[in-house]
Every structure is written in structure tokens, then in C-alpha cells.
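**Student:** So you can see what is in the structure, the chains are spelled out below.
4 protein chains.
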Amino acid sequence: MKVTLVKASATDEDVVQAARVSTQGLESLGSDTKPAGLINYLMRDRHGSPFEHTSFTFLVEAPIFVAREHMRHRAGWSYNEESGRYKELEGVFYKPGPERPLVQVGKAGAYQFESGTPAQHHVVDRDFYSSYSWAFQHYRGMLDRGIAREVARMVLPVGIYTAYYATCNARSLMHFLSLRTKADGAKFPSFPQEEIEKVALQMEEAFGNAMPLTYLAYANNGRVAP
Amino acid sequence: MKVTLVKASATDEDVVQAARVSTQGLESLGSDTKPAGLINYLMRDRHGSPFEHTSFTFLVEAPIFVAREHMRHRAGWSYNEESGRYKELEGVFYKPGPERPLVQVGKAGAYQFESGTPAQHHVVDRDFYSSYSWAFQHYRGMLDRGIAREVARMVLPVGIYTAYYATCNARSLMHFLSLRTKADGAKFPSFPQEEIEKVALQMEEAFGNAMPLTYLAYANNGRVAP
Amino acid sequence: MKVTLVKASATDEDVVQAARVSTQGLESLGSDTKPAGLINYLMRDRHGSPFEHTSFTFLVEAPIFVAREHMRHRAGWSYNEESGRYKELEGVFYKPGPERPLVQVGKAGAYQFESGTPAQHHVVDRDFYSSYSWAFQHYRGMLDRGIAREVARMVLPVGIYTAYYATCNARSLMHFLSLRTKADGAKFPSFPQEEIEKVALQMEEAFGNAMPLTYLAYANNGRVAP
Amino acid sequence: MKVTLVKASATDEDVVQAARVSTQGLESLGSDTKPAGLINYLMRDRHGSPFEHTSFTFLVEAPIFVAREHMRHRAGWSYNEESGRYKELEGVFYKPGPERPLVQVGKAGAYQFESGTPAQHHVVDRDFYSSYSWAFQHYRGMLDRGIAREVARMVLPVGIYTAYYATCNARSLMHFLSLRTKADGAKFPSFPQEEIEKVALQMEEAFGNAMPLTYLAYANNGRVAP
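Taken in sequence, the protein lines are chains A, B, C and D.
Going by the numbering used here, 30 is the number at position 30 of the first sequence; the sequence numbering is gapless.
Going by the numbering used here, 40 is the number at position 40 of the second sequence; the sequence numbering is gapless.
Going by the numbering used here, 167 is the number at position 167 of the third sequence; the sequence numbering is gapless.
Going by the numbering used here, 200 is the number at position 200 of the fourth sequence; the sequence numbering is gapless.
Any given hint could turn out to be false.
Here are the computed lysine-lysine pairs in the DSS-like style, where the Cα-Cα straight-line distance is at most 27 Å [unchecked claim]:
#, chain 1, residue 1, chain 2, residue 2
1, B, LYS107, D, LYS34
2, C, LYS187, A, LYS182
3, A, LYS107, A, LYS7
4, A, LYS7, D, LYS187
5, C, LYS34, A, LYS107
6, B, LYS182, D, LYS187
7, A, LYS34, C, LYS107
8, B, LYS182, A, LYS95
9, D, LYS87, C, LYS107
Derived list of chain D stretches under chain A, where covered just means 3 residues or more per stretch with a C-beta under 8 Å from a C-beta of chain A [said to hold, decoys possible]:
#, segment
10, 8-18
11, 46-53
12, 67-80
13, 164-174
Per label pair, the in silico range of CB-to-CB distance [said to hold, decoys possible]:
#, chain 1, residue 1, chain 2, residue 2, range
14, B, TYR129, A, GLY146, 15 to 21 Å
15, A, LEU201, B, VAL105, 28 to 34 Å
16, A, PRO118, C, ASP184, 43 to 49 Å
17, A, PRO118, B, VAL105, 50 to 56 Å
18, C, PRO212, B, ASP45, 38 to 44 Å
19, A, GLY185, B, GLU205, 28 to 34 Å
20, C, ASN209, B, GLN112, 51 to 57 Å
21, A, PRO189, D, THR4, 51 to 57 Å
Hints listed in this document are in silico derivations from the structure and should not be mistaken for laboratory results.
Positions of the beta carbon are idealized from the N, C-alpha and C atoms, including for glycine.
Next comes chain A alone, as it looks inside the complex (with noise of 0.2 Å):
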């Protein structure tokens, strides 16, 4: 899971602006308040349109299963992704490592994770590696004898590796956010896979260095996007 911030258009300022066109000449919350406080009390009482005049664009190497849970999400996201009908793809798979915990337990919406036995952790070594090599051998074999990319794929898993782009705003990432990642202090519980979620933390770290007042907001009012 890899994601690289390609541009970003998004800075607290630009939340203090736009909140400013609505409520200029307000008292309590005119050009005297300070931008922290201001934006505290956009995210608090849930007025989320002045987070919208923001722009984030990424680029997601990510699982085609982990896509599938991004995709998801349309209000305020645009997205562009590799085409397996126009490319033909590489053969870069994900497999759980070592520290991957294996075996769900609890009941259902709301799983815990325990690391599974050495055993387990073989046998997925062997069966995704068995698993996805087949696959990849098929899917060469098929392009070598002239079948069509967008036929072919068919066979793919998956865990096969994509590559997108992704373009969100403030308030749409944090509506992401809340829901793909869990933390102490969320004031809605979250049960994100952990693959997804680790997508979600990157973009949660470029978010909080673009615009840390907004992101303490965030943290501070139990993790809900306003």
C-alpha cells in the first residue's frame, strides 16, 4: 500500500475564508476570532461546506480489493484507475506479512483480530503464492496466444496490485476517514480492513501536515467529518 501525495490545494486558511464570506459581520465569530477557534466551531456544530474549497490529489498502489472499499466512496472523490482492458498488467500481488493478523474472532461488524497460529501463516505463504502465480502463468498464456487483455484479466485476482488516482476535498477525505480508520477517541466505532486502513493513515498523515488546525479539529470533535 503505497501513496504518494501527487498535489494539494488545501490549507486551514482556506477554511477561514470561505467561512468568513458566510458570517462576516458576525460578532463572536468575525475577524476578531482566531482562526483554531473558528474552525473548532465549524467542525463542532457541523457546518462542513467551508471545509470544501480544498483540493487533495493522490496516487493509490493499492489491491484491486482495497480499491473496490475506496471506491466506495463518491460524494466529493473523483478517481482515474489503471485499466486492464488498455494495459497489460504487471504481475505485483499483495500478501499478508508476518505481523498481518490471520483469524477473526467476535462476532460479526464488529471482528477482532488475533494473530493466528505459525501454521496458519504457512499456509497462506503457500496458497497465495501458489494461488497467484497460477493465475499470473494463465493470464501470460492467454496474452501469448493472442486473447484479448480485457478476456484475460478475468482470471486475476483480487489481491493483484492497481494504481489510481484519487481527488477529494477536505470534508470528503474526513468522511473517509472516520469510516476507514479506527482511533481512541472516534465517537463512532469504525471496523476498517486493515489494508484500507493503512491506505487511510497515509492520507491522514498528508492531511495533517496540510492543515493542522483543521486535522486537531478533527481529532479533538470524536473523529466525525462535519
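Place chains B, C and D on chain A using the hints.
**Tutor:** Positioned in the frame of chain A, the structure of chains B, C and D alone reads:
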């Protein structure tokens, strides 16, 4: 590819009523205009909003690679899909039939397809079967050893069937149809993959049955979403 | 403020069906779970998408300043409004009644309202009448002299009544209600203007009638849109 | 009507980069294709998503009736507007100038405009002045008597100036331009009101400056949003 219309609240009269709210009192398009003429005018001059007060809900059963293309349609679409995290997936896979053209010719962005030789069809039959069954065998094997569903599913191919609810309005449906079907008389070219076109054509039929005047206007005005 | 439910395709069963597509096979929330429990779980843990496969269409008659606030809601809402360019507007205006509080106290962003003195109510009665009738007289006078409707209407006040179709799904409706009503037990505060709250409360009633279990879950979980 | 470009993160190169993520490896449109050719191909064949990884933020000062038309554009647009609930509005109003055609002729949906007689222009001058000043006098009078801003503003006309931040991407901007400007060579007719067209034309200029190749492709392909 199987599309079931779960429910629809969508008639030509819905469009007429919504348009009349805007234009009531409008002499030449007012209460005297026949519905067919009003709808054709709205379509031709691209007044899209009156078509939005309608709703179709479909149950789609299709391979993951089709669902992935479908869910890129964000505006005016809602989805709920079977989850490989929550349930054990069944081993039902899509395999190109003997009539499915296998060879792409021509230039990128405007591929044409040719049937392919008997040898190529044989390769596809053999390799799909081999690849799919190998992957599924590993999936089941890992589940049997207690590996979490969300991990084991990573080896499953994008050709496995999934199921999802998709809800849209007539405008977002026409936008989808304009990009995912090809038809004589279309003002803009499109090059959908055959499998998603099969989904789209079943939706097109349900659309034509529910809203015959709207469908006629769509077909007669270059199949451009208004 | 008058809200008429034009049509609805929205039941608690729609939510259950959509959720079951995702979770079928899920032991603890599967086919044995009662609808009320499933819906409450979806609301509490903010699984919003199952609520989107529903549709409400309302005809709203309200002043322009209310329509302006309403139409700021973009995601999951569709609108068609009476057009002052295409039709001659009728002289129907909103005037605050004797029970409408006229005086705001307290700090910005969290105003409280007080009734106001009889003298203040008298001023409002007199000035609204004077201002509205003067504006409408000029509007009609300009139309009589052949001035285009789209020009003459510029002098009309935002208190004049307009009419519009508004279509939404249960999720976008709950988001609207959470911002445009205030209620005991709401997890987040909101300070809607009284007139749009009157629109929202009529929609809330239609919502509760159509989807009683969903409404109950909304009310019991802090009136936050999932 | 005054439009100020607050900031832009939008270049032709952004489009090229996003498209290349999809098509890298694509022979005929790959790394050898010149940006102008690639962008023209995307526009012509209506591949819209690569244009979305861009962002423009404008400050618009325009009358309420223009803002109302503008804010009907929902997909890909964000707004923050001056609030008549939170601040006292200034008495700045829009009045049609001597060059503003006053008389509409022809049929509904495709009106033509004629200048109007000197007498008609005189009536407009007089009646706008009279109506605007009367309304504003009452607004101020009610404020002076302690009536809440959110009540007193109801008498203000839709011709009063408001200010708002509007953020969009290149695709949503082109959609707006295609509906709110008229131009030779447009594939679909549009009949925008003159005042919103003045807003749109200023945005069109900023768009052309920031993304000259994209703008050229838009202009050369019938001014249809991809």
C-alpha cells in the same frame, strides 16, 4: 449476467409533472402540450432535472470486474454489494461462452473484436477452468484452516460472481446507458466491454417498459443523457 | 409552508433487503435478525448505504428564502422549481404570524429567540405589507409595459412564495432533518430558521409514516444521518 | 457581476497525468501522444473523469437571482454564501443597464430579446429604484426596531447583491459553461439569462487561462462537458 428489477417508481407522468412545476403558465409548453412533445423537448434541449424524480432499484448478479465498472458511476447511483468480509463466497464464476469474441483488433480506445480461432476458444475454456478452480480450492482450504474470510478472499479472481443492489433515477440511468451500450444513432461513440453491456441492456429494457415516452425521446435524440 | 408527499417508494423492508445483500450469511445479523434490530444496528454504526434504495418526492410551497436554504442540500436531492423566467409569478407572500418570535438574543451561531413586543409585531405587519405590495405593484406594472418576466421579477422579495418538487432518499432526508430541525436528544446541535424547520417537520412526519422502524432508529440514535 | 479567481490547482498537465494512469501502456495514446491530442481525444469521446483532478475557487458577487441559478449546479460544486441570518446586508442592488435588452419575443424555451423602447428603459430605471429603495428602507427600519435579521431580510428583493465562494473542477465547470453560456458552434442550444452568462463568461476566461489545451478541446468539440 442477471439483472432483476426489484422495484420502480418511474413513469413518464413523473417527468411531465416535475416539468410542469417549472413551466406552468408557459404558453407553448404548458398544459396543452402533449406529454410526448414535452418530454422530447426536455430531452433535446437537455433539461435534465425533471427526469430525476424517478427511482429504479435493480438486483445485479455479475462478475466483480463488471461491478467495478458499474460502481464508477457515482452521481445519482446507490449501491449495496455482497461482502467478502462478512460472508463466505460461493464458487460461481463467469466464463466467456463460445459466442464471446476473444481477439481485439484496431486501435486503442476504439477496439473492434473478432471471434478468435477454435484453438483460442479451447485455451480460454481450459485456462479459465484451471485458474478459477485452483483459486477457489485455495480459498476454501484457507477458510477450513481458520483463516479470516477477508484474508482468504484475496486470491479470488475478478471473474467470480458478486451480487448488488443498484438504485438510480432515469437521468443517471440514461447517463450509464449512453456510456455502457453501443447503438446505431448514438451521437457519441462508446466502447463498453461486452459483459457490462449485457447488464446495461437489461436495464435499458426495464427503462423502456416503465417510461416508454422517455425512452423513445432518449433513442431519438442521439442517446445522450439530458 | 405547505409540503405535499407526491409519492414514496420507501419502506423499512427496502432497507432490510438492501442490507441483506451485503450481509447474507452473516451469522449474528443474518436472516434471523428482526428488522428492527438490523435497522437499529445499521443506524447506530453508521452503515448509511442501505437507506439509499428509497425515494420520496415532495411538492413544497414555501418562500424563496426557504427554498434557497433547502437547495443547498446537494447530495441525494433533486429539484424542479417554478421559474420566474417562464411564468408570471402570483402575489402570494409569507408574513410572520403573531406567534413568530421576532427578536434574537444570545450569541451568533446559537441564537435564541424571543417573541418581541406588540409594537414590534405591529411594525412587522405594517412594513411587510407595505414592502410586499409596493414590490408586487411594480412587478405587475413593468409586465404591463412589456418588460420581460426575467427582468421584472428582480424587484420581487425573497418572501414571495415559490413551488418546487424535491426528491430524496431516506439517507439524504435524514441528513436534511438533522440540520433543519432541532429536537431533544439530538447528538449535534442545530439552529434552523423557523420557516425551514416547518418544511422539515412535515417531511419528518411523512418519513415516520412510511418507514416507522427507520424513523425510530433515527430518533433513538441521536438524530444523526447514518 | 464580479468574479474573482481566488485560487486554482488546474492545469492541462493534471489531465494528462490522470489519463496516463488509466492508459499507460496504451500504444496509440501512450507516452508518445502529445498532450493536445490526448486531451482532444478525451473530450471528443467523453472520457470525463481525467478532468476532475483539478480545482478552481471563485469569489462571486452577484444578485440573489443569479446565485439561485448557480447553486442549482450540484455535482462537483461547493458553495459558501454570505448569510442574511448572520450579517446585516448592504444595500447594493443590481439594475439593468441601458444596454440590457428588456423585451422577450419568440416562443418559450427559446426566447429572443429586443432592446425595448426608451420609455420602457425609463420605466425600469424608475421602478427598480423605487422598489429597491422602499424595500431597503423597511429592512433597515425593522432592524432599527430590534427585529431579527432573519426576519427583516424577507422583504429584500432577489436583485440585491450577495457574495459566495464557489469551488468546482474542470469537468463540473464545463458542464456549467455549456448550460450558462451561448456560443457559436455549441452542439446543444442553451438560453441562459444574461446576468448569469456574465458570471459564466468570467469563469470561462479564467478556465481558458489556466488550461488552454483543455479549453481549446472544449471549444472545438461542440462545448459539451465530457
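**Student:** Are the hints correct? Go through all of them and say.
**Tutor:** Cross-check of the supplied hints:
| no. | hint | in the structure |
| --- | --- | --- |
| 1 | B:LYS107 with D:LYS34 | 17 Å, holds |
| 2 | C:LYS187 with A:LYS182 | 20 Å, holds |
| 3 | A:LYS107 with A:LYS7 | 41 Å, violated |
| 4 | A:LYS7 with D:LYS187 | 34 Å, violated |
| 5 | C:LYS34 with A:LYS107 | 17 Å, holds |
| 6 | B:LYS182 with D:LYS187 | 20 Å, holds |
| 7 | A:LYS34 with C:LYS107 | 17 Å, holds |
| 8 | B:LYS182 with A:LYS95 | 39 Å, violated |
| 9 | D:LYS87 with C:LYS107 | 13 Å, holds |
| 10 | 8-18 | holds (count 5) |
| 11 | 46-53 | holds (count 4) |
| 12 | 67-80 | holds (count 3) |
| 13 | 164-174 | holds (count 4) |
| 14 | B:TYR129 with A:GLY146: 15 to 21 Å | 19 Å, holds |
| 15 | A:LEU201 with B:VAL105: 28 to 34 Å | 45 Å, violated |
| 16 | A:PRO118 with C:ASP184: 43 to 49 Å | 55 Å, violated |
| 17 | A:PRO118 with B:VAL105: 50 to 56 Å | 52 Å, holds |
| 18 | C:PRO212 with B:ASP45: 38 to 44 Å | 42 Å, holds |
| 19 | A:GLY185 with B:GLU205: 28 to 34 Å | 51 Å, violated |
| 20 | C:ASN209 with B:GLN112: 51 to 57 Å | 55 Å, holds |
| 21 | A:PRO189 with D:THR4: 51 to 57 Å | 44 Å, violated |
Figure legend: structure checked against the earlier numbered hints; hints not met, in rising order: 3, 4, 8, 15, 16, 19, 21.
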